[in-house]
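Undergrad: Residues per chain are reported as follows:
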Amino acid sequence: MPEFTGKERVQKLFKREPLDTMPCFSGQGAVVVQAIEKMGARFAKIHTDARLMAESAITSARLFGMDAVVIPYDMAVVAEAMGRGVSLYDGVDGVIYPTVPNKWKTLDEIDIPADYMSQGRLPMVDEAFKIIKEEAPDLAVGAWVLGPFTMAGQIMELDILLKGLKKKKDETAAFLAQVTRITIDLVKHYQELDVDFISVRDMGSGTDLLSPRMWKTLVGPNLKEVFDAITRVPSVNHICGSTDMIIEMMHECGADALSVDQKNTVAQTREKLGNDVLIFGNFDPYATLCQMEDQAEVEAVIKTCIDNGIDSVWPGCDIWPEVKQENMKTYVKTVREYGKNPSPAVGRI
Amino acid sequence: MSTQEEILTKLREAVVEYEEDDCADAAQEALDSGVDPMLAVMDGLAAGMEEVGVLFDTNEYFVPEVLMCADALYKGLDILRPHISMDSDAPKASVVIGSIQGDVHDIGKNLVKMMFDVAGWDVHDLGRDVPLESFVEKQLDVDSDVLAMSAMMTTTMMGMKKVIAMVKEKNPECLIMLGGAPVTRDVANLFGADGYAESAGNAVSEGIKMIGRLREYQKGEIQ
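Those sequence lines, one after another, are chains A and B. First residue of the first sequence? That's 1 in the numbering used here, and the numbers climb one at a time after it. First residue of the second sequence? That's 1 in the numbering used here, and the numbers climb one at a time after it.
The shape of chain A in the complex, shown without the other chains (with noise of 0.2 Å):
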């Protein structure tokens, strides 16, 4: 039997109280398709739906055991509320997550309507967390945004943007300053749903695309902006892809947790950070949980972010749906037995 409940596991991991184990979610999308076919539904359904989308998200985690859930599953939620669309391939087979299809092409056509909060699937999103909260109160309830840039890179065309920050400095930075306090209502709003955390992802904004100084001035004080207004729930700041340079920078930032990717050195970074931090990861999703054929090859990834020092073992990025249940079940159960000692910023009971 387990000592604490999920939510309960998760709401002391933030607190860094101790813990029977380590707990096993994610700040990312985490539904699979075992639990879709299970209901009967489609993939491409249970983005529009607030039962379909609650649903599948508690029954993802059922299936396996994980403390949390976490919605919507696609990045096209807030950009579609904005008037840019959105392509849901209803038609396909298989797994194809939703796009924004009209992505503003310049600075000065950006036109950001002032009800946005109230259209597309926005609302629909707080319905999905309505019914998560009722039905599976013993779940942490996960919500998430995108960090201001990669954000700013869903509503207009990443490379005007990219291009911008060189060749129309002020403009791009106001815009981004526009986008900042959009990502601050959302969160306030998010948080106003008694969520049990909030996890920003600025995943475009890893030295991948930028450099650390670009990154310094144009990425980090508008996401230390964002971390301030979340006050009342714990908050995870993400960034997958190359993050060794600038991983003080994200600490800096002031979110109560990071969560980084394979590509970043944990080992490393716990030096550098120190053990009070808590850090996330750093498993590759795709390669751990759909590729491996072999369960000794998965417990040793998650052995592996653990004796990094992980105090969360995450999967990078989204959980592809298509994952081997094996796989899975191997996931959970090494971060349970494994996680049982105590980790660099939470002790066990």
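If you're looking for bench data, these hints aren't it; they were derived computationally from the structure. In this text the structure is predicted, and so the values were computed from the model without any measurement. Glycine included, every Cβ here is placed at the ideal spot set by N, Cα and C. Heads up, some of the hints might be wrong.
Claimed, not checked - As a list, the in silico DMTMM-like pairs of lysine to aspartate or glutamate whose alpha-carbon atoms are at most 20 Å apart:
hint	chain 1	residue 1	chain 2	residue 2
1	A	167	B	22
2	A	333	A	8
3	A	263	B	57
4	A	167	B	17
5	A	272	A	252
6	A	163	B	17
7	A	168	B	20
Unchecked claim - A few chain B positions that, by computed beta-carbon distances, are all more than 10 Å from chain A:
hint	residue
8	5
9	32
10	81
11	84
12	134
13	143
14	146
15	168
Claimed, not checked - Label pairs and their in silico Cβ distance ranges:
hint	chain 1	residue 1	chain 2	residue 2	range
16	A	63	B	120	51 to 61 Å
17	A	188	B	92	50 to 60 Å
18	A	108	B	32	34 to 44 Å
19	A	45	B	137	24 to 34 Å
20	A	111	B	81	31 to 41 Å
Chain A is already provided as a structure; the job is to place chain B on it using the hints.
TA: Same frame as chain A, but now just chain B:
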């Protein structure tokens, strides 16, 4: 009047410093001075992009700078390309390229496309969020030597496997290149592809290295 070497240096520097107007001016000067336009492309523009690749690999340049260098390169290429005499008897190599359905990212794809443009290939760019069938139809229609697909996200990568199977069944001679953040050598092998570039970053490095190889080939250093 500048010498040939000075003009080539101007082209290289304009690409490296992402000065679009300077690149266009240097390209025009190359034409006006009688510099072989193919030489101007290869030892001017492409050589400049090779330097950009080094700056990228050493973390001096990042993607915003590389994109601007590419813009400068195209300014020069647009002026020089119409003047490159092609051997009308020789078949022109061709490529069908695009980002796979479900993927609206095209930075990596466009950088790889630049490599084919520099090489003077016939490039059939299908854009992004391209339905799987469209890749197959276009490849069979133009009988391209290469089919290049990119997927920025794991979630769109699986579509590549279907396209490869469809194309290889009907046209086994077509070389297939994959690129994008989630694509590893293992994935490329598993899907039956012939080559891969791992990420937008790697597309920059790999694409530029291919330009370097092309330059060596032009000079007869590779047989």
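Undergrad: Tell me, in ascending order, the numbers of any earlier hints that this structure violates.
TA: The structure breaks none of the hints.
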